[in-house]
Amino acid sequence: MVSVREQLDARRLLCPLPVIRTQDRVNTMAAGELLEVICTDPGAASDIPAWCRINGHKVIEMREQSGELVILIEVGEKKR
Amino acid sequence: MMQQRRALALISGGLDSLLAARVVMEQGIHVEGVNFYTGFCVEGHTHAIRKKDRARPKRNNALWVAEQLGIKLHIIDVTEQYKDVVINPKHGYGANLNPCLDCKCFMVGKAVEWIGEHGFDFIITGEVVGQRPMSQRRDTMRIVVRESQVGERLLRPLCAKNLPPTLPELEGWVDREKLYGFSGRSRKPQMALAKQFGLMDYAQPAGGCCFLTDEAYSRKLADLWESRGAREYELDDIMLLKVGRHLRPRPHFKLIIGREEGENNFLQGYQRRFPLLRMISHPGPLTLIDGEVGAEDVELAACIAARFSAGRDAGQVEMQLIDRDGSEQMLQVFPMPVAEVRLEWYL
Ligand code: SF4
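Residue numbers (the numbering used here), protein chains in the order written: chain L, 805 to 884; chain R, 195 to 541.
These are computed hints drawn from the structure, not numbers from a lab. This one's a predicted model, so the numbers in the text were calculated from it and none came from an experiment. Cβ atoms here follow ideal geometry from the backbone N, Cα and C, with glycine treated the same way. Watch out, some of these pointers could steer you wrong.
[As the list claims (entries may be wrong)] Examples of chain R residues lying across from chain L (beta carbon under 8 Å, computed):
id : residue
1  : 260
2  : 269
3  : 275
4  : 278
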């Protein structure tokens with residue numbers, strides 16, 4: 805199965821900008837698609853998962869990779 | 195069945211906006227939150243840049259509030275449009291460079307646009323009459339209503355009983371009797387209400403919700419405007435005002451000196467946008483030079499920066515200058531004696 809997997813470069817942005825960029829990108833994506841966010845502000849490690857919980861998206865993976873934070877999100881259903 | 199009404203709550207991350215949203219949710223209204231990012235917002239972890247602060251629990255208070263309430267939160271980047279609010283506030287500033295009244299008008303105005311686009315019925319804020327000197331007096335509350343063009347769609351659940359009824363009350367979407375009549379500066383009623391709702395661990399912002407209420411920050415912003423001869427800024431400028439020591443030894447340039455590793459890493463990201471000084475012979479700060487500088491200025495900058503390094507007492511230290519074009523140059527300088535680093539240089 806080929807699934808959509810997008811990447812978002814949020815390096816050097818300070819919170820809450822990584823969250824805002826994530827939100828704006830997720831809003832253009834469909835349920836089930838994956839978004840990989842790369843950021844450097846350690847605050848994103850708590851903010852992006854919090855934002856996902858609130859808005860019904862799933863953090864599938866979070867890892868540190870050469871000093872950067874990589875967060876993989878699965879876009880959830882968007883009910884209005 | 196009656197149609198469920200929808201409200202947009204302005205969520206600052208403080209207790210008042212949390213309570214206001216909660217009070218309205220209790221009445222069966224569908225509530226979503228909005229938080230405006232101006233570039234000056236104080237985050238639970240704005241100082242996460244500093245390594246020593248990283249140990250503290252980190253959270254974005256607006257997100258935390260939304261999670262407590264179980265509501266969606268829309269964070270909107272208004273950094274560009276907000277510049278005009280900070281630079282030309284029609285109603286002036288508060289104690290520092292905080293344009294609170296214009297800011298409130300702007301935010302409620304943005305919320306008005308949002309509910310129009312999304313088909314929501316009204317707006318909620320956590321304002322309380324008489325709570326803050328400038329933006330929460332009764333007459334200024336009227337100004338907010340007028341300038342934001344919100345009309346009767348702005349409900350302030352914590353002090354509604356002291357104000358004329360608004361549309362949600364008149365239409366019976368919410369029961370006015372179940373709203374509150376708080377006023378004045380006492381925080382006791384809010385704390386009691388929080389307890390009643392079983393809310394704990396909420397943020398208690400001391401001054402205001404943003405850096406513009408901070409005296410030291412405002413001083414640095416005023417210096418930025420003065421030195422450029424124009425009241426303007428970019429997002430990077432106002433981010434950098436939160437980081438490092440700022441010293442202006444000459445009118446045409448200032449130094450931003452990292453105070454520890456986290457700040458050095460952050461400043462490193464500005465390489466190529468500013469000339470940058472790095473210590474070579476000793477552990478020490480990373481320093482950005484903001485302004486157009488000549489060789490003499492660079493030397494002065496290096497002597498000052500060296501004063502904040504582990505080589506401050508060494509005879510001579512070695513530093514590297516990396517210019518905007520990426521060219522590198524080694525410098526041998528004598529750290530400036532403490533007594534010569536003038537107090538008035540510190541911003
Ligand atoms: S403290 Fe800052 S964010 Fe809050 S109302 Fe005043 S200017 Fe606006």
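Query raised in the report: Per the CB criterion, is residue 275 of chain R less than 8 Å away from chain L?
Result: This hint is violated: residue 275 of chain R lies away from chain L, its Cβ roughly 14 Å from the closest one there, beyond 8 Å.
**Report entry** Hint check, residue 269 of chain R versus chain L [nearest Cβ-Cβ separation less than 8 Å]
**Finding:** 5 Å, holds
**Report entry** residue 260 of chain R as an interface hint toward chain L, with CB separation required under 8 Å
**Finding:** 5 Å, holds
Query - Given hint residue 278 of chain R near chain L, where the shortest CB pair must fall under 8 Å - result: With a minimum Cβ separation of about 20 Å from chain L (threshold 8 Å), the hint on residue 278 of chain R is violated.
When held up to the earlier numbered hints, the structure conflicts with 3 and 4 and fits the remainder.
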